[in-house]
Amino acid sequence: MSSEENLQDTDTEARFEFKKEEQSAFTSGKGLTEETIRLISEDKDEPEWMLERRLRALKQYQKMPMPTDWPGQPDLSELDVEEIVPYIRPDVDQRSGAESWDDLPEDIQDTFEKLGIPEAERKALSGVGAQYESEVVYQNMQERWEEKGVIFCNMDEAVQEHEDLVKEHFMTKCVPPSDNKFAALHGAVWSGGSFVYVPEDVTVEMPVQAYFRMNSEGMGQFEHTLIIAEPGSEVHYIEGCSAPKYGTHNLHSGGVEVFVKEDAHVQYSTVQNWSKNTFNLNTKRAIVEANGTMEWVSGSMGSKATMLYPCSILKGRGATDNHITIAFAGEGQDIDTGAKVYHNAPDTKSTIESKSISKDGGRTNYRGLVHIADGAEDSSTSVECDALMFDNESTSDTMPYMEIEESKVDVAHEATVGKIGDEDVFYLQSRGLDDDDAKQMIVAGFIEPITEELPIEYAVELNRLIELEMEGSLG
Amino acid sequence: MATIELTNVHAEVADGGEEILHGVDLEVSSGEIHALMGPNGSGKSTTSKVIAGHPAYEVTEGEILLHLEADDFDGVDEIPEDARTWNLLELEPNERAALGVFLAFQYPAEIEGVTMTNFLRTALNAKIEERDELLFGEDEDEADEESGYETSPMEGPADEGEVGVAEFQQLLSEKMELLDMDEKFAQRYLNAGFSGGEKKQNEVLQAAILEPTIAVLDEIDSGLDIDRLQDVADGINALRDEQGTGVLQITHYQRILDYVEPDTVHIMLDGEIVMEGDAELAAELEDKGYDWVREQVYNAA
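Protein chains in written order, with the numbering used here: chain A, 3 to 477; chain B, 114 to 414.
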């Protein structure tokens, strides 16, 4: 069914703010009702079980109160979910996405051109799934992966094509909708995102990349990423986000679920740059089996408020978690990020390294939880948080919670908070760098532990974004 | 030939603090080596910081001028006549650096995450760009902005700036060899975890790369063992002999002056230069101490 027909069939044209300039084929109405959910599901031609999961999630969302009682949590009072249009599909012919670059509409190509995606593509990176607005419209994957049985596709497509895998793993064991109010909202209205499946003992040598961007006024983005790494497999998934500024508040509430089976290794890297009016409230979690390794690398830029605490559940003996996070908060921004690790088995290990930068009155907060369960003998955790402040108006807090139920463990924690040093700046200036360049160099050095983990294009982009932030030239 | 000229410089801690320099007169020209000696707290370091433009100090009286001649910069055919005398007090620290004023710090900053290579190449290119802007106004030719990365993104685009990655690597290796520095220094983070001696060696290396017209070396000899002292001294002599740099060397001790022989020795006491002489003066001072200087100066007064 084409989307034009869809509009007529449902006879709801008046309810839809159909914007020609956005060339959207389908826009659900403002507000969130059971009818909206049914529309989304129907438009996607989803199986009944997915609709049921959405509706169950909606009920949970409606029941659960807004979180307001966390110590020092960002102010969410200006967030009005009812005002956010949850679903927009760009006007492309094929629901499953364009097969090649040239099939994309020109304005979408332009957007990606500016973000350097075709460049990345030209450099023969292994595959690009780019989400424009709510849906993956461009994907490419190298044939040899397919031969090995690797799947990398749009999440909507996965529901159709890989139903059993999705049905088993989608918001069941890892991130159930009951986890938190925004996970429930996500479960009700999710759309787009990536599905990655790596069969046993297969190593994907090059990073799998997806680039997200939301681009319509009042639009929410609720992409879902599901990564399943079978025993002995290895994959690096990278996701970048950026969004231009709009007048009304935007909500981004993504969901990420990662299954790291025995001896598997997954790295999930993300560079996010949401517009300064976005509420960025995500739930990301990995379940790590015996001797598996999960690595979270995230750079959080932009947004009005971010609450993001990627979580690893170290379920099997010898499982390992690494977290590397960086947050940048400028004027009017409250970036509340951190990490959660549950050591539920012996010999598990976690390392958390957090860096934050605040400037012009911005606030960053590291909020972390490390839980070591009774019986998780010989486990170890190391938490390091460093904060760099540009001025006296900016703030940085650290809330590293530890729940240690086992005595035979090794726990290390270190935190530093500092202002950018005048002597350091003068030293660089005396060598010829001007004031701005000197500060940029210090910041680039401060975040270097993160950038060295990223492929070159992302490291460059992250550095460039931070330079732009520091110049104040990002809206 | 370049000359830096301090005339009756009074300086105090910024925001209305105590006056530290009470009228310093000093002149250093290309190819000369001057030693500035004096007891702790006499104002030697403050003099060096005031020359470089440290924001913690305010010059309340006097002037610091830099005189250049037409051919003082390699790569610049002729410095325009109206750009040959500069009032340093009106310039930012990086602009002073662009005109060839270099300060080797007594306590160099440690910058984590920034490799020596990246830092020095960025500084060298920034210096050249700023210099051309000061001398000729607008950028003559905008650096080719096209991106492209040969090495690490942390080292910046390969073809950005006057000195490219490959050319710079070669320059760096040459200078490091001269100073007997291990090659792996190039990939270490700027001064981070360096020993006291390594930091000092690094200051001299930076001077060698940035080719200053005037280098002020603040206690470059403190914390050096004898081998390194020799390396550092070789580096300083090379600055003078090969690049014609004028050197103002601040020190407490005679020791380094055995390796780097000064043309002129200045002795500072309570914020003023009270005695001047040739290398003999340093030797005499070593013998007799600062009390002798005090006696000479205050009895005479």
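What the hints contain is simulated information worked out from the structure, not anything from laboratory work.
Built from N, CA and C at the ideal position, the CB exists for glycine as well.
Wrong hints could be hidden among the right ones.
[As the list claims (entries may be wrong)] With a straight-line Cα cutoff of 25 Å, these simulated DSS-like cross-link-like pairs (lysine-lysine) come out:
no., chain 1, residue 1, chain 2, residue 2
1, B, Lys401, A, Lys421
2, A, Lys278, A, Lys61
3, A, Lys175, A, Lys317
4, A, Lys441, A, Lys421
5, A, Lys169, A, Lys317
6, A, Lys441, B, Lys401
[Unchecked claim] Here are a few chain A residues that face chain B, going by a calculated C-beta distance under 7 Å:
no., residue
7, Glu80
8, Tyr311
9, Asn324
10, Glu425
11, Asp426
12, Tyr429
13, Ser432
14, Met443
15, Gly447
16, Phe448
Each hint tested on the structure:
In summary, the hint linking Lys401/B to Lys421/A is not supported, as the alpha carbons are separated by about 45 Å, beyond the 25 Å threshold. At most 25 Å may separate the alpha-carbon atoms for a hinted pair to count; Lys278/A and Lys61/A exceed this at roughly 30 Å. A hinted pair counts as satisfied when its Cα atoms are at most 25 Å apart, and Lys175/A with Lys317/A qualifies at roughly 12 Å. A threshold of 25 Å between alpha carbons decides the hint, and for Lys441/A with Lys421/A the separation of about 11 Å falls inside it, so the pair holds.
Restraint check for Lys169/A and Lys317/A: satisfied, since their Cα atoms lie roughly 22 Å apart, inside the 25 Å limit. Restraint check for Lys441/A and Lys401/B: not satisfied, since their Cα atoms lie roughly 47 Å apart, outside the 25 Å limit. Interface hint status for Glu80/A: violated, as the beta-carbon distance to the closest one in chain B is roughly 36 Å, over 7 Å. Taken as an interface hint, Tyr311/A does not check out: its beta carbon lies about 25 Å from the nearest beta carbon of chain B, beyond 7 Å.
Restraint check, Asn324/A versus chain B: the minimum CB separation of about 18 Å is more than 7 Å; hint violated. Nearest Cβ of chain B to the Cβ of Glu425/A: about 6 Å, under the 7 Å cut. The hint holds. Checking Asp426/A against chain B by beta carbon gives a least distance of about 4 Å; that is within 7 Å, so the hint holds. Checking Tyr429/A against chain B: minimum C-beta separation of about 4 Å stays under 7 Å; hint holds.
A least Cβ separation of about 5 Å between Ser432/A and chain B falls short of the 7 Å threshold, and the interface hint therefore holds. Residue-level restraint check for Met443/A holds (minimum Cβ-Cβ distance to chain B is 6 Å; threshold 7 Å). About 3 Å separates the beta-carbon of Gly447/A from the nearest beta-carbon of chain B, less than 7 Å, and the hint is met. Hint status for Phe448/A: holds, given a least beta-carbon distance of 6 Å to chain B, under 7 Å.
Of the numbered hints given earlier, the model fails hints 1, 2, 6, 7, 8, 9; all others are met.
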